[in-house]
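*Asks:* Residues per chain are reported as follows:
There are 2 protein chains.
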Amino acid sequence: MKIDRVGIVGLGLIGGSIGLELQTKGYEVFGLVNKSKTAERAKERGLAQVISTNSNILSNCSLVILAMPLEQLINPTSELVSALPRNAVITDVGSVKKPVLEIWQKLHARFVGSHPMAGTIQTGVEAGRKHLFNNRPWIATPVETTDLEALDAVRQLVVTLKSKWITTDPETHDQAVALISHLPVFISTALLQTVTKEPNKSLLKLAKTIASSGFQDTTRIGGGNPDLGVAMASNNTSALLNAITSYRSSLDKLEKMIETKEWDQLKSELSASQLSRPDFL
Amino acid sequence: MKIDRVGIVGLGLIGGSIGLELQTKGYEVFGLVNKSKTAERAKERGLAQVISTNSNILSNCSLVILAMPLEQLINPTSELVSALPRNAVITDVGSVKKPVLEIWQKLHARFVGSHPMAGTIQTGVEAGRKHLFNNRPWIATPVETTDLEALDAVRQLVVTLKSKWITTDPETHDQAVALISHLPVFISTALLQTVTKEPNKSLLKLAKTIASSGFQDTTRIGGGNPDLGVAMASNNTSALLNAITSYRSSLDKLEKMIETKEWDQLKSELSASQLSRPDFL
Numbered sequence: 001m002k003i004d005r006v007g008i009v010g011l012g013l014i015g016g017s018i019g020l021e022l023q024t025k026g027y028e029v030f031g032l033v034n035k036s037k038t039a040e041r042a043k044e045r046g047l048a049q050v051i052s053t054n055s056n057i058l059s060n061c062s063l064v065i066l067a068m069p070l071e072q073l074i075n076p077t078s079e080l081v082s083a084l085p086r087n088a089v090i091t092d093v094g095s096v097k098k099p100v101l102e103i104w105q106k107l108h109a110r111f112v113g114s115h116p117m118a119g120t121i122q123t124g125v126e127a128g129r130k131h132l133f134n135n136r137p138w139i140a141t142p143v144e145t146t147d148l149e150a151l152d153a154v155r156q157l158v159v160t161l162k163s164k165w166i167t168t169d170p171e172t173h174d175q176a177v178a179l180i181s182h183l184p185v186f187i188s189t190a191l192l193q194t195v196t197k198e199p200n201k202s203l204l205k206l207a208k209t210i211a212s213s214g215f216q217d218t219t220r221i222g223g224g225n226p227d228l229g230v231a232m233a234s235n236n237t238s239a240l241l242n243a244i245t246s247y248r249s250s251l252d253k254l255e256k257m258i259e260t261k262e263w264d265q266l267k268s269e270l271s272a273s274q275l276s277r278p279d280f281l
Numbered sequence: 001m002k003i004d005r006v007g008i009v010g011l012g013l014i015g016g017s018i019g020l021e022l023q024t025k026g027y028e029v030f031g032l033v034n035k036s037k038t039a040e041r042a043k044e045r046g047l048a049q050v051i052s053t054n055s056n057i058l059s060n061c062s063l064v065i066l067a068m069p070l071e072q073l074i075n076p077t078s079e080l081v082s083a084l085p086r087n088a089v090i091t092d093v094g095s096v097k098k099p100v101l102e103i104w105q106k107l108h109a110r111f112v113g114s115h116p117m118a119g120t121i122q123t124g125v126e127a128g129r130k131h132l133f134n135n136r137p138w139i140a141t142p143v144e145t146t147d148l149e150a151l152d153a154v155r156q157l158v159v160t161l162k163s164k165w166i167t168t169d170p171e172t173h174d175q176a177v178a179l180i181s182h183l184p185v186f187i188s189t190a191l192l193q194t195v196t197k198e199p200n201k202s203l204l205k206l207a208k209t210i211a212s213s214g215f216q217d218t219t220r221i222g223g224g225n226p227d228l229g230v231a232m233a234s235n236n237t238s239a240l241l242n243a244i245t246s247y248r249s250s251l252d253k254l255e256k257m258i259e260t261k262e263w264d265q266l267k268s269e270l271s272a273s274q275l276s277r278p279d280f281l
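Which chain is which? The protein sequence lines are A and B, in order. The working numbering applies: residue 1 is where the first sequence begins, and numbers increase by one. The working numbering applies: residue 1 is where the second sequence begins, and numbers increase by one.
I should point out that these hints are in silico values taken from the structure, not numbers from a laboratory. As the structure is a prediction and not an experimental result, all values here were calculated from the model. Please note that a few of the clues may not be correct.
Treat identical chains as interchangeable: a pair holds within one or across any two.
Simulated crosslink set (DSS-like; lysine-lysine; CA at most 27 Å straight-line) [as the list claims (entries may be wrong)]:
hint	residue 1	residue 2
1	Lys106	Lys2
2	Lys197	Lys256
3	Lys164	Lys2
4	Lys197	Lys253
5	Lys162	Lys205
6	Lys205	Lys98
7	Lys130	Lys208
8	Lys208	Lys37
9	Lys25	Lys162
10	Lys98	Lys256
11	Lys43	Lys208
12	Lys2	Lys35
13	Lys130	Lys201
14	Lys261	Lys130
15	Lys267	Lys197
16	Lys162	Lys261
17	Lys43	Lys130
18	Lys37	Lys130
19	Lys261	Lys98
When you get a sec, could you build the whole thing from the sequences and use the hints?
*Replies:* Shown next as structure tokens:
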């Protein structure tokens, strides 16, 4: 099927970046946003050719990308749902897939769940930029009922954006992001809390003075956007809790080795970690 | 007291960097190393004016910096101890201070414990570089028996190296580095292990594919030098175990909020973390 008119709902980091990139590839892009102030700024930045707060602009799109925050994606307005053309391919960019599919499978016959793995530090209408998806994984999670033509249309779009197309089932996706993306946020937050809750004030002051790149890197994502952290936890709860449970078991084993002074075993664990890390780079 | 001839035992990252810097400030620097091959390379790199494997070169030094690995520092050879001039000021650069002082207080009357907080990724004779200490904290840990003239001589040296001079007691130092530097290594290692020990192979493969900067930053120090990790754990055991205990309590509380879906409370914890992090930058 031919896709030439693409709608994007939400023009933040992901939506705005898709809009900028697709325009350079000859697509006609229609951006739907919530606030007129956002629409103004998105127009100034050229995030889409047509930008509006009126969902009617989606009516002639052959593909619509739902790029709004996860909470809005999971609780879509009836106005949005009815504005989506019945024949259009619909996809999303949400960071969890099971809860999204549970809702959207029922709402649209041509919905395809997907998740681009691209940087997410900046947010909002200023954040979109070209080349965000270059060479990054973009995971689609087809299920039994997924329309295969719609899936292929999303694949073509993803290839156009120069992302690496990957497919898996929603459960595997959600467990993988729990381990790789959601768990790190909470273990990093717990580290920040451990230090800031230190009751000895002179020790806390010294700790702040001597913190260097090791502490800074390990706490970077724990010091991130609280709404994003809550969205991860509330939408991927069981996978995240499983990940925390196996994390605690790893930490307990290391602690045991330290308590019992099993330095040879500790060294072999640390060596295995050192060897494993390049697989994640 | 006037310090003009400085001995450095070990010319790795810290010792080599001190050697390079002090020479530019007009000091005469004598470097003692273990192996003749290291001596050769240290000479080529100009890490000191006089470099030898013979500890006699320390005989005319007015200050000696013990910059060898922690294990050697804590188990010094009798040859080294007898080569240190009785009148010289002796200091070290070890990352824990209580175990070092327990040994060295007895071995030399003018010993001053100290610890420069400077980058430690590279090691060995190639690692030393100028300006390593610029504006970095350098913590001295005087105790009741510390010679105050010796302490002042170390302070002058540290100021010359452009580091920030800080003093505290050895216990506070060791607890602060346990929190800021040693704990992060083990929580980061546990994260790597949690993922690599995932039994579902297709999930593990996907996890490796989607790992991005968040996971990479959080695991950086867990994928570091295993000997350094073991040295931290074996020489700062009780402070590290205390830190792990309070870390687990922080993580347990976050887990409880996720289990019981207390999203408002979780958000306020994440917000507090976000606000606290700039204090450590």
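*Asks:* If any of the earlier hints don't hold here, list their numbers in rising order.
*Replies:* 8, 11, 12, 13, 14 and 16
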